[in-house]
Amino acid sequence: MNKSYFEILRPGINSTFQDLGRFNQHHIGIPMSGVMDKRNYLIGNKLVGNSNNISAIEFAYQGPILKLKSAKVIAAVTGNVTFQILRTNSNIEKGKCYETFELNDGDQIDIISTNKSVYGYFFINGGFKAETFWESFSINTRAKIGPNEGAKFGINQKLFIKNKENKFQKKRIEYLSSKIEFIRVLKGTNFNYFSEEGKNNFFTKEFVVSKLTDRMGMRIEGPKIKNIFESNIRSEGLIKGVIQVPGDGNPIIMLSDYGTIGGYPKIAVVISSDYDRLTQLTPGSKIKFKSVELEEAENLYKLYEIETKSILNQIK
Amino acid sequence: MIKNITNLGDAALYCDFGNEIDQETNLNVIKYFKNLKELKIEGIINITPSYNKLIISFDQSVIKYENLKNKIVDLKLHNKENQNNKLIKVPMCIDEEFSLDIKRLSEKLKVKHDQIYNSFFNKEYYCYMTGFIAGMPFLGDTKENIRLNRLETPRVKVPKGSIGITEQFCNIYTYESPGGWNIIGNTPVKIFDQSNQENPTLINPGDKVTFYKISKKEYQNYNE
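Line by line, the protein sequences give chains A and B.
Numbering follows our numbering, with no gaps: position 39 of the first sequence is 39.
Every number in our numbering is 1000 more than the matching position in the second sequence, counting from 1.
Read the hints as simulated data drawn from the structure, not as lab findings.
All C-beta atoms in this analysis are idealised placements derived from N, C-alpha and C, irrespective of residue type, glycine included.
Hints may contain errors.
[What the hints assert, rightly or not] Rough simulated footprint, nothing fancy, chain A against chain B, three-plus residues with beta-carbon under 8 Å:
hint	stretch
1	1097–1110
2	1125–1131
3	1157–1168
4	1183–1191
5	1197–1207
6	1216–1222
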C-alpha cells in the first residue's frame, strides 16, 4: 500500500484534476472537459518528465495549499502564478513557474494566485492516483463526472500520489503566454439569423468578459446582438468555442465543460489556435472579435502546433 | 440522407439532414452515427447525433475538414438503425411534490390534470438523442393536446429525476440542473450511472420508452 499523499490544507477556488479530456462520449451527453489551457499543460508535464495522459491539478485564481506526506517528488507549476514553498525547517522559498523543484516529506506548497490570468497548473513526476472515467482523469463539476465523485477538491482531503522515485534534475524554460488582442472566429451555422446591425456590432464593438464565467461557458457583455429570424433552434450538438446568442442578445462562449447539446443560434466559433488564450481572460477583460476564413484558421492552428512543439523541444 | 455538410469552426463537420423532425430523419442520423462509430476513422474525436443534425468533431493535427468531408460523402452505410433497440418502462410518481408545473400546464392548455396524465401515460415514446447533461434522453412525440412551450424563465435548479415536457418532446433530468421544461413528475430510476462505464445510459437513441404511475410510497421504497 502506497502511503504517499498530499494533504489539502486549503483547496483553492476551483481545484480539480485535468488531463487532455474525454473522447467519443458526446452521444451520451458527456463533454470533452480537460485542461482549459492545453499548452501550459503540455509544458508542465514535459518539465516533470510525464507523458501526456497523466493528470495535473488545475486551479483558478487562487490555488491550493498542499502538504506532502511520506514522499519526495519532482514538481512544477505553469501559468502566470505566484506561489511559495514552505520547507520543514521553516524556510520560505519564492516559487518560480516553468522550472522544476523538489518537495520533500513535510514540505508545503502554497499556490497564492494567478496573475492577470485565470488558470494555472501543478504537476508532479508520476502523477496522482485516481480512477479514470472513460479513460480520463478530468473532473467535470457541473455534470459530476470524473474521479473524486466529479467534485472539486475540499479541505483536509488526501490526494494520493504514485511516488515514482526519480533523480532530481533542474529543468526550466523561459515562457510567458502572450496576451490576446483579437479573438479570431469563423462564422457560425446560424450567422444569418442576426440583424445587419447585430452582425456588424459583433465584429466592430468591444465586449467585456462577465463574472458569469466558469469552465462551462464565458458570458460576455456588449451591444446586444439582435436576432431577426428565430431565437430558438432545434437542439443540436455543441463543441467548445461555439458562441451562442440566446434571445436576450448576450453571447455565451462554450468552454471545456459545455453541455453537449444546445438550442440557441450559433453566431460564430472561436478558432482552435486562440482557445488557450481565450480561457485565460479574466472577468472585466475587453475583447474584440475578428472574422477569418477556414483556410486561415487551419494555418493558424498549424502555426500554434509548431510553436508548441518548439517550446517543448527546449526542455531537454 | 445528409442534405448538406458545412464546417462548425475549424475542427468540426456540421451534417444537416433537413428541417423535418421525425423518426425517419432521426433514424438516418442514428444510422450514420452507428456506422461512423464502428468505422473509427482516424482523427474523429466526437460524434454528436441530435434530432436532424450530426456533428463530427476531429483533431486537426490528424485530419483536415475537406478530407474528412470527402470521407463522409463517400461513406458506404450498413443497415444499423434498428439494431439493439429496447423498450424501457419507466416508473413515475406524480405526487404534487414532484409535479411542479401541472397547474401551469392545466391552466394554459385548458386541460384537466387527469386528462394530461391520461394522454401522457398512454403513449409510447421514441428516444431521438441523449445529451445536454450526461444521459438525458430527449423523447417524443407527446400527444398534441399536452404540448406547450418551455417556461418563460427557466428554473435555476430542476430536481434530479424530474420528468418534463415541452412542445412535442419529453425528457428526464438525470442530474439536478438548470432547465425550463414543464415538470410533471419524477422517477426514482437511475437513468445515468457513471460507475457503469460500459453502459452508463439506461435509454439510448432509437429506444422506445413508456411511463407507468407509481404511488409516493412505492417511489420512496423503490429499489433497483
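Comparing the hints with the structure gives:
no., hint, result
1, 1097–1110, "violated (count 0)"
2, 1125–1131, "holds (count 3)"
3, 1157–1168, "violated (count 0)"
4, 1183–1191, "violated (count 0)"
5, 1197–1207, "holds (count 5)"
6, 1216–1222, "violated (count 0)"
When each numbered hint is compared with the structure, violations occur for hints 1, 3, 4, 6.
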